[in-house]
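Using the sequences and the hints given, assemble the complete structure.
Per my numbering, the sequence shown starts with residue 1, numbered consecutively.
Derived from the structure by calculation, the hints contain no laboratory data.
Treat the hints with care, since some could be wrong.
[As the list claims (entries may be wrong)] Just the calculated beta-carbon pair ranges, DEER-fashion:
{"hint": "1", "residue 1": "A69", "residue 2": "R45", "range": "39 to 47 Å"}
{"hint": "2", "residue 1": "P11", "residue 2": "R45", "range": "27 to 35 Å"}
{"hint": "3", "residue 1": "A264", "residue 2": "R159", "range": "31 to 39 Å"}
{"hint": "4", "residue 1": "P223", "residue 2": "A277", "range": "25 to 33 Å"}
{"hint": "5", "residue 1": "A94", "residue 2": "A22", "range": "41 to 49 Å"}
{"hint": "6", "residue 1": "L281", "residue 2": "R141", "range": "36 to 44 Å"}
{"hint": "7", "residue 1": "D68", "residue 2": "G124", "range": "32 to 40 Å"}
{"hint": "8", "residue 1": "A183", "residue 2": "A22", "range": "44 to 52 Å"}
All residues carry an ideal CB built from backbone N, CA and C; glycine is no exception.
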Amino acid sequence: MMAECEPDRLPSFTGYGLDDPARPLLISIPHSGRVYPPDLLARSRVSPSILQRLEDRYVDLLAKAAIDAGFPCIVAHRPRAWIDLNRSEREVDAAMIEGLNADEVDPPNAKVRGGLGLVPRWLGTAGELWTGRLDRSELDRRIAEDHRPYHRRIADVLRAMRRRLGCALLLDLHSMPSLRYPAGAAPRIVVGDRFGRSASSRLASLLVEQARQEGWEAALNHPYAGGYVLERHGNPAGHIQALQLEVDRGLYLDALAREPVTEAVNGMAQWLLRAVATLELELTEQSWPNAAE
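In structure tokens:
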């Protein structure tokens, strides 16, 4: 799925079927990057295995069957340690950027305070990730070369779908560590619609039901309701829906959550294909305005 080549030759993202889309559903995968530029590793005070904890590891493999079936997809290649595409440009910890004033970014929210802003700063027991502050010019470069083009492409594709088909749905695909609840079974699948702000509740409930039909525990908006991707692109009133899908890594990775298990990946990919086909059918059966209206 994801191209494997030298970091300096790897594009920021790869698109599949994005030109003149004939289907109303786009899959986006913002945290699949797993190729680390040498200059990033040189600045890191932790091992690559620590940085890999930020990844939605190998989640792009789960989209292969849907891509092969003709569903458009956009797959990011920059690792989340480089830039987090599910954060806004202003979700920045100003203290880690040389030459950036605090009044140039939003007040720190819980994600930024927790070390997981536009450029992650620290992670759990690993502590600080970087040996020093990042220069403002480097932050600006990552935004200009990676963040803005990714979101611009998503917006363009969704608008093209709406013009041609009358509606569009963005499915933002992520993976999560296995959850542990003190009482009761923890969900293996979590669907987010920002508590109804980014998509029709019918679509969100339909995706939850698709997971439960497989025998998996599934939840809506808890503990993951969706981030910047949904906030930016979801516009139900404008007939652009956006859902987030979190998949338990234990469903497709090995016991150490490091490498994909082929049979499990293939099974999950087929489930995702069935799920997006069901969502597509729901979209096409709804009464949407014609593009010319």
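Status of the hints after comparison with the structure:
no., hint, in the structure
1, A69 x R45: 39 to 47 Å, "43 Å, holds"
2, P11 x R45: 27 to 35 Å, "28 Å, holds"
3, A264 x R159: 31 to 39 Å, "36 Å, holds"
4, P223 x A277: 25 to 33 Å, "28 Å, holds"
5, A94 x A22: 41 to 49 Å, "44 Å, holds"
6, L281 x R141: 36 to 44 Å, "43 Å, holds"
7, D68 x G124: 32 to 40 Å, "36 Å, holds"
8, A183 x A22: 44 to 52 Å, "47 Å, holds"
Checked against the numbered hints listed earlier, the structure breaks none of them; every hint is satisfied.
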